[in-house]
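Novice: Sequence lines, in order, name chains A and B.
The first sequence runs 1 to 699 under the numbering used here.
The second sequence runs 700 to 776 under the numbering used here.
It is possible that part of the hints are untrue.
As the list claims (entries may be wrong) - Which stretches of chain B does chain A cover? Using the computed rule of at least three CB atoms under 8 angstroms from a CB of chain A, they are:
(1) 719-731
(2) 742-753
(3) 756-764
To be verified - 27 angstroms max Cα-Cα, derived DSS-like pairs, lysine-lysine:
(4) Lys726(B) - Lys229(A)
(5) Lys231(A) - Lys726(B)
(6) Lys763(B) - Lys201(A)
(7) Lys708(B) - Lys477(A)
(8) Lys479(A) - Lys763(B)
(9) Lys726(B) - Lys254(A)
(10) Lys278(A) - Lys763(B)
(11) Lys726(B) - Lys101(A)
(12) Lys726(B) - Lys41(A)
(13) Lys254(A) - Lys101(A)
Stated by the list, open to error - Not close to chain A: a few residues of chain B, all C-beta gaps over 10 angstroms, as computed:
(14) Val702
(15) Thr703
(16) Gln706
(17) Ser712
(18) Thr767
(19) Thr774
Think of the hints as simulated: they come from the structure by calculation, not from any bench.
All residues carry an ideal CB built from backbone N, CA and C; glycine is no exception.
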Amino acid sequence: MGKQINVALIGNPNTGKTSVFNALTGLNQKVGNYPGITVEKKEGVCKLPRGVKAHIIDLPGTYSLNASSLDENVVIELLLNKNDKDFPDVAVVVSDVENLKRNLLLFTQIKDLEIPTILVINMADRMAYKGISLDIDVLEKELNTKIALVSTRKKTGIDDLKNLITNFRDLPTQPCLNAREIDPDYFTRLQSAFPNQLLYKLWLVITQDVNFGNVSRKEVDALDDFKTKSKSDLKRLQQKETIKRYQFINNTLKKGQTIDLAAAKDLRIKLDRILTHKVWGYVVFFMILLLMFQAIYDWSSIPMDFIDGLFASMSEWTKDHLPQGQFTNLIAEGIIPGLGGIVIFIPQIAFLFLFISILEETGYMSRVVFLMDRIMRRFGLSGKSVVPLISGTACAIPAVMATRNIESWKERLITILVTPFTTCSARLPVYLIIISLVIPKGRFLGLGYQAMTLMLLYLIGFGAAIGAAYILNKVLKIKNRSFFVVEMPNYKLPLFKNVALTVIEKTKSFVFGAGKIILAISIILWFLASYGPGDDFNNAEAIVTSQYSKENLDTETLQQHIASYKLEHSFIGLTGRAIEPLIQPLGYDWKIGIAIVSSFAAREVFVGTLATIYSVGSDEEDTIKNRMAGEVNPILGTPLFNFASGISLLLFYAFAMQCMSTLAVVKRETNSWKWPTLQLAAMSSFAYIVALIAFQVLK
Amino acid sequence: MQVTLAQLKRGQSAIITDVSSIHIPLKLLEMGCLPGNMVELVQVAPFSDPLYLNINGSHLAIRKETATHILIEITNG
């Protein structure tokens with residue numbers, strides 16, 4: 001087996017780079033993370049002619065090598081590090097035929113690194129529609145490269161690209177721009193200080209503050225006779241560089257591209273007239289949101305009920321068919337319900353990402369960002385915060401990562417801090433069971449009280465996020481220059497393959513990422529609830545049997561009494577007892593206390609914990625519900641789950657920060673423990689106070 | 700008097716004359732916002748901010764604040 005060719009796919013956002021990646025690799029792809037950071041690393045394998053294989057990396061989309069975000073940094077770090085095992089033998093720059101001029105800027109930069117480079121001109125099917133004609137031979141000569149004219153939609157040109165990759169050794173490596181032209185004096189001195197290094201690489205080291213090989217920014221600064229320039233001087237030079245590059249590109253395109261504007265048709269103008277309209281724009285956006293929530297909470301209930309039932313019967317089956325013992329109990333009461341708690345979210349997550357990826361693929365998301373920016377800015381957010389806030393209704397973890405393209409640090413930080421207020425899908429099972437217990441079934445104007453309560457909880461979540469943002473905006477003193485540049489891409493029909501792969505990928509990473517934690521917690525919980533210190537726990541059977549000896553109970557009831565006595569004296573029961581004084585003012589007993597404590601690992605554990613605690617053998621929701629309805633408040637003597645304590649509990653879950661995975665992601669994204677700690681303390685104490693007031697007023 | 704991009708009206712087009720202010724992000728220049736290029740105001744968001752521009756065939760949106768640092772010469776309208 002010969003060596004694989006390392007190929008790096010590079011390109012502007014919205015050029016169909018991922019479509020090219022999907023066309024080359026098909027299902028032979030995997031998504032991971034770059035070491036130490038949460039930037040997605042997509043790689044795959046492609047079979048080339050003559051039995052050669054290529055290892056393809058889909059690098060994050062970027063407009064240039066002058067990185068302005070963590071994602072973009074990955075590109076430059078790989079391209080400057082010859083020792084990286086992924087360092088490309090050949091770079092494939094993907095461009096969009098309609099935005100060739102802008103896309104070529106990045107191409108000239110890559111070319112100047114003297115890496116063999118192929119230019120893909122994608123969306124070739126749009127050329128006639130837009131009145132564009134290209135002289136490929138001239139372009140290849142001017143740009144000193146090989147070009148593949150590709151249409152991923154019509155599936156043409158991919159084979160040409162594969163051939164070019166196979167023969168990458170024939171590619172010329174001359175640069176497009178001589179860096180010396182930018183400022184002859186400065187660059188000549190730079191070169192003489194580092195005679196063996198490529199000038200453009202040195203320039204990137206200075207402007208981007210990245211290291212390559214053995215040259216670092218510090219080293220350049222340290223040279224006595226060579227002072228790097230001030231920030232504004234550097235910026236002026238970068239401007240000059242950009243202008244030079246565009247001059248080169250304009251000259252090239254003058255020779256190789258003609259656009260017949262009379263033949264060009266534009267759907268964009270007509271659609272934008274409606275979709276960015278000051279009234280219709282919002283109406284359409286609102287309708288799309290409604291449809292999305294309908295899908296997430298209504299359509300997905302069918303598969304969710306099915307999954308729920310499936311796991312319940314799996315537990316049942318395990319208990320019936322495996323030999324009795326602790327190990328079987330661990331599987332039936334710990335692991336299977338734990339797994340069920342993860343799998344049940346798949347339909348919702350899949351629907352959410354289906355919508356988000358369609359909205360992004362079509363180019364509509366940019367219009368939403370455009371429409372919402374001014375409104376969001378009043379609260380210290382950016383138009384780009386809309387995407388995380390919507391994603392947050394599924395899960396805060398991808399939502400926090402989706403804040404990366406927000407240019408202003410302050411706006412980004414605020415978005416990260418408030419996103420966990422949005423009602424994520426983990427809160428849903430908690431809401432559902434409490435609502436069904438404490439909110440009457442009646443209807444008002446055709447709308448059920450229960451449905452309205454749920455709707456209200458979502459609005460409260462968004463309201464809390466916006467309100468918190470408003471306060472943070474006033475409180476946080478961060479020097480901030482608010483940049484905001486968003487590309488408004490052409491409208492496109494989404495490619496089924498792209499959407500499907502995104503949905504599969506995101507769902508998979510949720511299941512394996514969040515899933516691990518949920519599963520671990522369920523197992524730990526089961527152990528804590530199944531074991532306890534001292535005689536009370538170990539002799540539970542004898543104690544309870546003698547206690548009820550006069551009452552002549554049937555075996556089943558007696559067993560339940562034993563189980564709940566055991567639980568009360570298990571490790572988890574003792575913990576619950578210990579925190580009872582703290583939560584009594586909110587209207588909860590120690591059992592709810594345990595559920596809340598275990599919820600700090602992940603909220604969705606709540607229902608499962610109560611199921612375990614109320615010593616219910618099966619996981620059937622109805623049984624849990626009836627059990628919960630029968631519980632009595634030890635002090636007040638009223639039902640434990642009444643209107644007051646129910647509302648208090650709902651509000652507590654709406655506001656409390658009860659998700660370790662989110663805290664971990666926030667720590668990674670903000671690179672400090674300060675912000676997740678603030679989030680945890682502020683949100684949870686706010687939740688406590690609100691829940692306290694609610695119970696004390698309503699009881 | 701110097702005219703800035705923020706003063707452009709919907710449907711008008713202009714030539715960019717100066718982008719040397721340090722308040723203009725490099726990213727914007729890289730997307731084609733450079734002296735000599737044509738710019739057209741395609742659409743204005745509610746509350747007249749941000750601005751939806753067509754710069755030399757690139758469609759993008761920027762905030763009004765940034766637009767006040769870009770100098771232009773109006774060619775029609």
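Novice: Could you check the structure against the hints above and give me the numbers of any it violates, in ascending order?
Specialist: Violated hints: 6, 7; rest satisfied.
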